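The sequence shown lines up with residues 323 to 642 when you count with the working numbering.
Keep in mind that the hints are not guaranteed to be accurate.
To be verified - Label pairs and their in silico Cβ distance ranges:
1) Thr534 to Val558: 33 to 39 Å
2) Ala469 to Asp585: 17 to 23 Å
3) Ser579 to Ala469: 17 to 23 Å
4) Ser421 to Pro392: 30 to 36 Å
5) Lys408 to Lys624: 51 to 57 Å
6) Lys440 to Ser588: 24 to 30 Å
Claimed, not checked - In the DSSO-like style, the derived pairs of lysine-lysine whose C-alpha atoms are separated by at most 30 Å in a straight line are:
7) Lys402 to Lys535
8) Lys470 to Lys530
9) Lys456 to Lys440
10) Lys535 to Lys624
11) Lys440 to Lys470
12) Lys440 to Lys530
13) Lys507 to Lys456
14) Lys568 to Lys641
15) Lys530 to Lys568
16) Lys638 to Lys624
17) Lys456 to Lys470
18) Lys530 to Lys624
19) Lys530 to Lys402
20) Lys507 to Lys440
21) Lys484 to Lys456
22) Lys484 to Lys568
23) Lys440 to Lys498
24) Lys484 to Lys408
25) Lys402 to Lys470
26) Lys484 to Lys470
27) Lys507 to Lys530
28) Lys402 to Lys568
29) Lys440 to Lys535
30) Lys408 to Lys568
31) Lys568 to Lys440
32) Lys638 to Lys535
33) Lys641 to Lys535
34) Lys530 to Lys638
35) Lys638 to Lys440
36) Lys470 to Lys624
37) Lys507 to Lys484
38) Lys530 to Lys498
39) Lys456 to Lys498
Since the hints were made in silico from the structure, they are not lab data.
This structure is a prediction, so every number in the text was calculated from the model and none was measured.
All residues carry an ideal CB built from backbone N, CA and C; glycine is no exception.
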Amino acid sequence: MMRKTKLLSAAIFVIASFANGRYIHGVNWADETVSCTSRIQSWADGQCGGPGPNFISLQTPQTSWWVLGPADADGNSNMKAWDFDKGDRDYVAGWRGGSPINAEQEIVVFFENALEDKAGSDLIIRLFCGPAAKASVYVSSDLSSFAKVGEIEGSLNGVPGKGGFLYDAEFDFSEKYSEPVHYVKVYREVTASQSGMFFDSFRSAHTKLPQTKAEVIHYGWTILQDTNSDCYTDNVDFAQLAESWKICYDPQTSEFSQLPFEDPNSIPSSCHGVWQAGFGMEADINRDCTVNIQDLILFAEKFLTCTDPSNENCIKPWKL
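Could you build the full structure based on these sequences and the hints that come with them?
Laid out in structure tokens, this is it:
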């Protein structure tokens with residue numbers, strides 16, 4: 323997987339927030355695309371500013387982060403994937419096309435931290451699809467055998483079924499699978515007109531709340547300004563910001579630094595890809611791939627705040 327390309331050792335390159343086994347605000351997100359069939363493709367066209375309807379494989383740096391980490395097709399949180407002029411992006415992957423060559427498509431993602439069977443839903447898949455779409459969802463602990471936990475099916479004039487309208491499909495493991503779930507597979511059941519299906523994210527339905535500093539860090543509750551993830555935003559974090567000052571990891575700019583990428587062929591094509599591939603700088607608080615005055619302003623807003631559960635004066639974002 324391209325996200326695991328070796329990172330050069332330097333104190334300023336901290337990628338804990340996007341490492342394997344990631345939690346963000348207590349939510350467990352998929353960590354790796356372990357397999358996909360040959361006709362899996364990205365969704366976009368030239369007019370939308372996306373990468374185009376190219377077929378993708380696990381051997382390309384653009385692939386492994388299409389459906390990993392936080393949902394990113396809905397930039398303005400209105401559950402529409404196509405509001406490009408309002409900040410929505412289009413980083414999704416799946417299948418379309420009604421010819422037999424597109425039949426039997428599937429994608430398998432991996433969770434380093436296992437999904438658990440608890441009361442209610444256990445897995446959420448965010449997607450959009452056509453009205454004729456249908457797929458089965460399977461889970462496994464070890465890839466050796468899968469158990470079906472449900473289906474996703476489009477509907478005419480409904481959601482899911484309207485192109486570009488995102489939908490959270492929820493799945494309960496109860497009485498279907500009792501082992502810890504590390505693998506989730508989605509399998510295409512229908513190949514016909516308007517049966518396309520594209521995935522934005524895979525995640526847990528449960529939120530982990532921290533009781534200790536270690537759990538704050540592990541479950542991803544530290545604030546972005548706490549660049550060294552010690553639960554305190556202080557001079558140590560400011561020093562890290564200063565060390566990274568003016569460094570640029572945006573591949574689309576002339577100031578781009580290739581320093582952390584050992585293999586030039588593994589460089590993602592966008593700033594979003596840099597972060598999803600695990601090469602973002604923690605001092606880049608606004609995640610635009612350049613450490614500059616905008617990050618300093620954001621840092622100043624949270625200076626001397628903390629997220630230590632044992633400190634009564636700390637901000638507790640999990641209680642807001």
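Verification of the hints:
A hinted range of 33 to 39 Å is violated for the C-beta pair Thr534 and Val558, which are about 20 Å apart. For Ala469 and Asp585, the hinted distance range of 17 to 23 Å is not satisfied, since their beta carbons lie about 38 Å from each other. Checking the proposed 17 to 23 Å range against Ser579 and Ala469 shows it is violated: the Cβ atoms sit about 46 Å from each other. A C-beta distance of roughly 34 Å is found between Ser421 and Pro392, which places it inside the suggested range of 30 to 36 Å.
One distance hint, 51 to 57 Å for the beta-carbon pair Lys408 and Lys624, is violated here, with the actual separation near 27 Å. For Lys440 and Ser588, the Cβ-Cβ distance of about 37 Å falls outside the hinted range of 24 to 30 Å, so the restraint is violated. Pair hint Lys402 plus Lys535 does not hold up; C-alpha atoms about 36 Å apart against a cutoff of 30 Å. Our distance criterion of 30 Å between C-alpha atoms is met by Lys470 and Lys530, whose separation comes to about 25 Å.
Restraint check for Lys456 and Lys440: satisfied, since their Cα atoms lie roughly 26 Å apart, inside the 30 Å limit. Distance restraint check for Lys535 and Lys624: the Cα-Cα separation of roughly 18 Å lies within the 30 Å cut-off, and the hinted pair is therefore satisfied. For the suggested pair Lys440 and Lys470, the alpha carbons sit about 17 Å apart, so the restraint of at most 30 Å is met. Using a Cα cut-off of 30 Å, the hinted pair Lys440 and Lys530 holds, with the two alpha carbons roughly 12 Å apart.
Of the pairs offered as hints, the one joining Lys507 and Lys456 holds, with about 14 Å between alpha carbons and a cut-off of 30 Å not exceeded. With a C-alpha separation of about 35 Å, the suggested pairing of Lys568 with Lys641 is violated against the 30 Å cut-off. Note on Lys530 and Lys568: the hinted pairing is violated, with a Cα-Cα distance of about 35 Å set against a maximum of 30 Å. Simply put, Lys638 and Lys624 have alpha-carbon atoms about 13 Å apart, close enough for the 30 Å limit, and the pair holds.
Straight-line distance between C-alpha atoms of Lys456 and Lys470 comes to about 14 Å, which keeps the hinted pair within the 30 Å bound. Under the criterion of a C-alpha separation no larger than 30 Å, the hint pairing Lys530 with Lys624 is consistent with the structure, at around 23 Å. Of the pairs offered as hints, the one joining Lys530 and Lys402 holds, with about 27 Å between alpha carbons and a cut-off of 30 Å not exceeded. Restraint check for Lys507 and Lys440: satisfied, since their Cα atoms lie roughly 20 Å apart, inside the 30 Å limit.
Proximity of Lys484 to Lys456 is assessed by CA-CA distance (about 13 Å); at most 30 Å being required, the pair is judged to hold. Simply put, Lys484 and Lys568 have alpha-carbon atoms about 43 Å apart, too far for the 30 Å limit, and the pair is violated. A hinted pair counts as satisfied when its Cα atoms are at most 30 Å apart, and Lys440 with Lys498 qualifies at roughly 12 Å. Annotation: proposed proximity of Lys484 to Lys408 holds, straight-line Cα distance about 19 Å (limit 30 Å).
Distance restraint check for Lys402 and Lys470: the Cα-Cα separation of roughly 28 Å lies within the 30 Å cut-off, and the hinted pair is therefore satisfied. Proximity of Lys484 to Lys470 is assessed by CA-CA distance (about 25 Å); at most 30 Å being required, the pair is judged to hold. A hinted pair counts as satisfied when its Cα atoms are at most 30 Å apart, and Lys507 with Lys530 qualifies at roughly 24 Å. Taking the CA atoms of Lys402 and Lys568, the gap is near 34 Å; set against the 30 Å cutoff, the hint is violated.
Taken as a hint, the Lys440 and Lys535 pair is honoured in the structure, with Cα atoms around 25 Å apart against an allowance of 30 Å. Under the criterion of a C-alpha separation no larger than 30 Å, the hint pairing Lys408 with Lys568 is consistent with the structure, at around 28 Å. Straight-line distance between C-alpha atoms of Lys568 and Lys440 comes to about 46 Å, which puts the hinted pair past the 30 Å bound. Of the pairs offered as hints, the one joining Lys638 and Lys535 holds, with about 12 Å between alpha carbons and a cut-off of 30 Å not exceeded.
Restraint check for Lys641 and Lys535: satisfied, since their Cα atoms lie roughly 15 Å apart, inside the 30 Å limit. The hinted pair formed by Lys530 and Lys638 meets the criterion: a straight-line CA distance of about 14 Å does not exceed 30 Å. Only pairs whose Cα atoms come within 30 Å are accepted, and Lys638 paired with Lys440 is accepted, the gap being roughly 25 Å. At roughly 46 Å between alpha-carbon atoms, Lys470 and Lys624 are farther apart than 30 Å, so this suggested pair is violated.
Only pairs whose Cα atoms come within 30 Å are accepted, and Lys507 paired with Lys484 is accepted, the gap being roughly 23 Å. Restraint check for Lys530 and Lys498: satisfied, since their Cα atoms lie roughly 23 Å apart, inside the 30 Å limit. For the proposed pair Lys456 and Lys498, the alpha carbon gap of about 20 Å is at most 30 Å, so the pair holds.
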